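Asker: Order-wise, the sequence lines are chains A, B and C. Note that the numbering used here has the first sequence beginning at 209, numbered continuously upward. Note that the numbering used here has the second sequence beginning at 2, numbered continuously upward. Note that the numbering used here has the third sequence beginning at 3, numbered continuously upward.
If you're looking for bench data, these hints aren't it; they were derived computationally from the structure. Here the structure is a predicted model, which means the values were calculated and not measured. Watch out, some of these pointers could steer you wrong.
[Claimed, not checked] Simulated coverage check for chain C against chain B, where a stretch passes if three residues somewhere in it have a Cβ under 8 Å from a Cβ of chain B:
hint	region
1	24-35
2	39-51
3	260-270
Beta carbons: idealized from backbone N, C-alpha and C, even for Gly.
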Amino acid sequence: MLDRPRDSALEVRKTYKLYVGGEFIRTESGRYDPVYAAARPGKGRSASAQRRAPSAQRLSAGAQRPLLANISRGSRKDLREAVRKARAAQPGWASKSAYLKGQILYRMAEMLEGRAPSLAKLLKESHGLSPAAAQREVRATIDRLVHYAGWSDKYGAILGTVNPVASSYFDFSVPEPVGVVGIVAPETPDLLGLVSHLAPVVVSGNAAVVLLSETFPLPALEFAEVLATSDLPGGVANLLSGHKEELVPHLARHMDVLAIADAGGDAALSKTIASDAAVNVKRVKRYDVSDYFAEKAQGLDFIEAFTEIKTTWHPIGV
Amino acid sequence: MSTTLADEKARTEALKKIEAEKPRLEFGGAWEYAPAPESKDHVRLEKRYGLFVGGEFVAPRSKKYFETINPATEEVLAEVAEGNAADIDAAVRAAEEAYEKRWRKLSPAQRGKYIYRIARLLQEKSRELAVLESMNGGKPIKESRDVDVPLAVAHFFYHAGWSDKLDYAFPRHRVSPIGVCGQIIPWNFPLLMAAWKIAPALACGNTIVLKPAETTPLTSLHLAKICQEADLPPGVVNIVPGAGETGAHLVNHPRVRKIAFTGSTDVGKIIQRSIAGTAKRLTLELGGKAANIIFEDAPLDQAVEGIINGIYFNQGHVCCAGSRLLVQESVATAVLGKLSDRIATLRLGDPLDKNTDVGAINSKMQLEKIRELVACGVEEGAEIHQSACAIPSRGFWFPPTFFTGVAQSHRIAREEIFGPVLAVMTFRTPEEAVEKANNIPYGLSAGVWTDKGSKIFQITSKMKAGVIWANTFNKFDPSSPFGGYKESGFGREGGVHGLRAYVELS
Amino acid sequence: MSAVLSLDLARVPTVDQVGIDERAASLAKRSIKTTAKRAGIRLAMSMLDLTTLEGKDSEGKVRQLCQKAIRPMPGDATIPHVAAVCVYPNLVSVAKEVLAGSGVKVASVATGFPAGLVPLPVKIEDTRQAVAMGADEIDMVIDRGAFLAGDYDRVFEEIVAVKDACGPARLKVILETGELETYDNVRRASHLAMGAGADFIKTSTGKIQPAATPSVVLVMLEAIRDHYLETGRRVGMKPAGGIRTSKQALHLLVLVKETLGDAWLTPDLFRIGASTVANDLLMQLVKETTGRYQNEDYFTKD
Chain A
209 MLDRPRDSAL
219 EVRKTYKLYV
229 GGEFIRTESG
239 RYDPVYAAAR
249 PGKGRSASAQ
259 RRAPSAQRLS
269 AGAQRPLLAN
279 ISRGSRKDLR
289 EAVRKARAAQ
299 PGWASKSAYL
309 KGQILYRMAE
319 MLEGRAPSLA
329 KLLKESHGLS
339 PAAAQREVRA
349 TIDRLVHYAG
359 WSDKYGAILG
369 TVNPVASSYF
379 DFSVPEPVGV
389 VGIVAPETPD
399 LLGLVSHLAP
409 VVVSGNAAVV
419 LLSETFPLPA
429 LEFAEVLATS
439 DLPGGVANLL
449 SGHKEELVPH
459 LARHMDVLAI
469 ADAGGDAALS
479 KTIASDAAVN
489 VKRVKRYDVS
499 DYFAEKAQGL
509 DFIEAFTEIK
519 TTWHPIGV
Chain B
2 MSTTLADEKA
12 RTEALKKIEA
22 EKPRLEFGGA
32 WEYAPAPESK
42 DHVRLEKRYG
52 LFVGGEFVAP
62 RSKKYFETIN
72 PATEEVLAEV
82 AEGNAADIDA
92 AVRAAEEAYE
102 KRWRKLSPAQ
112 RGKYIYRIAR
122 LLQEKSRELA
132 VLESMNGGKP
142 IKESRDVDVP
152 LAVAHFFYHA
162 GWSDKLDYAF
172 PRHRVSPIGV
182 CGQIIPWNFP
192 LLMAAWKIAP
202 ALACGNTIVL
212 KPAETTPLTS
222 LHLAKICQEA
232 DLPPGVVNIV
242 PGAGETGAHL
252 VNHPRVRKIA
262 FTGSTDVGKI
272 IQRSIAGTAK
282 RLTLELGGKA
292 ANIIFEDAPL
302 DQAVEGIING
312 IYFNQGHVCC
322 AGSRLLVQES
332 VATAVLGKLS
342 DRIATLRLGD
352 PLDKNTDVGA
362 INSKMQLEKI
372 RELVACGVEE
382 GAEIHQSACA
392 IPSRGFWFPP
402 TFFTGVAQSH
412 RIAREEIFGP
422 VLAVMTFRTP
432 EEAVEKANNI
442 PYGLSAGVWT
452 DKGSKIFQIT
462 SKMKAGVIWA
472 NTFNKFDPSS
482 PFGGYKESGF
492 GREGGVHGLR
502 AYVELS
Chain C
3 MSAVLSLDLA
13 RVPTVDQVGI
23 DERAASLAKR
33 SIKTTAKRAG
43 IRLAMSMLDL
53 TTLEGKDSEG
63 KVRQLCQKAI
73 RPMPGDATIP
83 HVAAVCVYPN
93 LVSVAKEVLA
103 GSGVKVASVA
113 TGFPAGLVPL
123 PVKIEDTRQA
133 VAMGADEIDM
143 VIDRGAFLAG
153 DYDRVFEEIV
163 AVKDACGPAR
173 LKVILETGEL
183 ETYDNVRRAS
193 HLAMGAGADF
203 IKTSTGKIQP
213 AATPSVVLVM
223 LEAIRDHYLE
233 TGRRVGMKPA
243 GGIRTSKQAL
253 HLLVLVKETL
263 GDAWLTPDLF
273 RIGASTVAND
283 LLMQLVKETT
293 GRYQNEDYFT
303 KD
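With the hints as extra help, turn the sequences into a complete structure.
Answerer: Following this line, the structure appears as structure tokens:
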């Protein structure tokens, strides 16, 4: 009798793709970048590790650092497509009731809760985080989603006003979404940081195009699966992996992108963003969050930054 | 010119002929709807319910149980424990312990997550709760399924999100919970009223003893089960069924720090008197006699729908019901003609039939009250118009009714009937409409129907009512504050304003 | 605008969009079961105007459609024949021949269907010829461009002229509600058409979306109701376009029953312009009687 090898034990490895228009797609450019496991497991992330140039991480291949995945290097055409999908999806998303939007964000939290072990594993492999630290980041991300789910039907009541004008008019101001918002995600923490900027942008009815952490893109790409299974309409959130230096100018100059959340933490890129944004008077908000786990890293301000105030006058009289 | 008797007779005959030949719509038996009963097999009814205290269902210290029935059939649904003073005391102690040892120790975000769990469980059990609500209270399944239960769910979702955001609602204040809250709710929207009370109280960090209405305890008790399934820490929510006496024990309990009451104005006044001199905080949501004002430039067909929704929704058992119609004289005939035709299509009957529009009156007692006031209306000289619908032999029922020729001084124009009975009056100018609308001790709600925007804002600015609906009626949302002026009570429920009652600010 | 017309149109009530959408949605909750469902399906079947209005319509296509109109379910004579077959003028004679003696009427579109942007004399001649070839009913289109430009007199006069050209044939006036867009416009156009002599008012040509939405149907039914109560004349109603399922057809019957009452629940006053819905009606009927969900292949596609 032949001794059959147990091939069912062979792992089916995941292909990580871009998340655009509610679908998982490869870059049209065909380019890819390998992503390796963290250099020193158990050491966690150091500040220097955070600022290490992207190329350094990828070049140091070797037996000690297993390949985690080959990811798409997003191109400007992918970005163009993402903006197009975002633009198409945004009005429908904005017109959904606040209640429904809140339910969808809560559903994201439910889905992430279900995937917590696999996200934690990715964080450990990508960064060399301890299991406790990885868990902590996933838990904080879930709580952040719940936090913003609860804002959807409240921020309007706090930011909106009825204005006591001096003439016989009913005068009221309401916050409205801006439209398509570009987000340059922080390099780390790549999961919590992404959600800390994505959730407040979409909860008010904006659609987002996100340039993910370049050094640690995998947890975010896996997070796209949470987006895909949470009833969030396709196109509302679009996640692109790639080289920020290449993609940022195209994002900053895009005429259909009306605002940018710059949490990239790179002074040179921030300057480019600030200057290129002027082409269509984009609203730019630069973030320098020292600790994404702190309470200051969430709240109404993050939502307000990407709303427009609309004031309406109506006569009072018969 | 004098007329002879023969002339008069001929004239009457001619008028009768004209009337008979006037075009009429017939809403009869062509294509009858077949029975469309909602299934009740999946409803898990117990034979007997205890009190819900300290996270468990327990036998009452009173040793007493009362029967709760289905008002459409008069059949007994279950036995329910009746709480006495000792039971109330046990519940308050459980709420206190839960407050000190568990609830106030949780972070606000974690508190919110419990409330989200309750919301989700309510969603999962929506159909069962809707059927149970219709069985115990008499309202059509169409309403409990599409209004009561979804709104109750929405209240929990909405308030869950406030738990960790209270400092935005009260900027520059230190926000703390009050402690143990006593809540008494009515029988017209049993589950929804429980949600309106429990959700904000929990979100603000309080613990609760709630007394559901005497005739409708079941959905509150099922909500208690949901609290168990959500692993809500024991004692955070306690449910003690009973009647007026049980409620009085709760109101008068020395260690209950805040009372919330929804019910009749008479009882509200009793409660206000009872707690005078104590430090207890109080909110009251009482009766109403809302004016639904229809101007000549209103979208008339939708305005008529607004009348129907205003007074026949939930059999008129609604504190904010549009029980007075103020119609501009120039369109009165047209509106009343449409109203008569519309009433002819209202289907009264088995609350569990999906095609039923008007269900059963909640109790024999309420039916008698309605009958008394209607008889009074006839006696005072108003003209009665009633739907000719068939009335089932068992159960408590009252057909949709409206009175014309009503004067401001008639009892039916001033007193809350709390049934499917509308009093119709006319007006000539906007000033007159506002004056008539405000000329009552109540001030809960009002409706304004006109196509002209500026008129809407003018009228609403002059109305003395806590909730005003323009070109719609009976719309509710957890984010929209609800509550009355004058004898309709004080305090608001829902929205930012609704949180105020459940916090201490310093 | 003529004084009389402007006075009439000024008295037409406005429509609150949110309110009417809510009413239509509320009526959609009516649960039609068992006996009511079977009776409703048969009633809806008897009200169908089986329609084919394609550039590629031929004699063969129309013959087959007429056979279906007479006997919707092969082998089951208890299923009623439909109310009418609706075709382009060139196919009227064929339809007339096949349908002779069956009780099914011949309806023809006319007046430069579907756009209606041809001179009035052409519209009138179009109508006359269709009637001469045997049409029992004419489905005309109003001039939407003129209506939206506020030229109500012109729209009114065209309807009057076409009605005159119809002779004995009954006139259905298509408002093309999808182009009128607002409910206020639909309501006003309904009153205008009825005032000008329409026997039926019809929602759409079926060539654009949206067509016969429940809300738009309800607006028109309410207009018919007001017209009847004021003049004593009963005008019929025909929703057309986008009606594919039994559920939709039954929902339409609910709207009629609860707005206009018993008198309108007859093919003389209510028609459904559709074609594919016929098979869904049959499938649902068979499912009701046998208890089994059905398969499309067992019902003829003509």
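Asker: Mind taking a look at whether chain B covers the region 39-51 of chain C? Criterion is 3 or more residues with CB to CB distance under 8 Å.
Answerer: holds (count 4)
Asker: Using a Cβ cutoff of 8 Å, are there at least 3 residues of the region 260-270 of chain C near chain B, or does the coverage claim fail?
Answerer: holds (count 6)
Asker: Do at least three Cβ atoms from the region 24-35 of chain C come closer than 8 Å to Cβ atoms of chain B?
Answerer: holds (count 7)
Every hint, counting from the list given before, is met by this structure.
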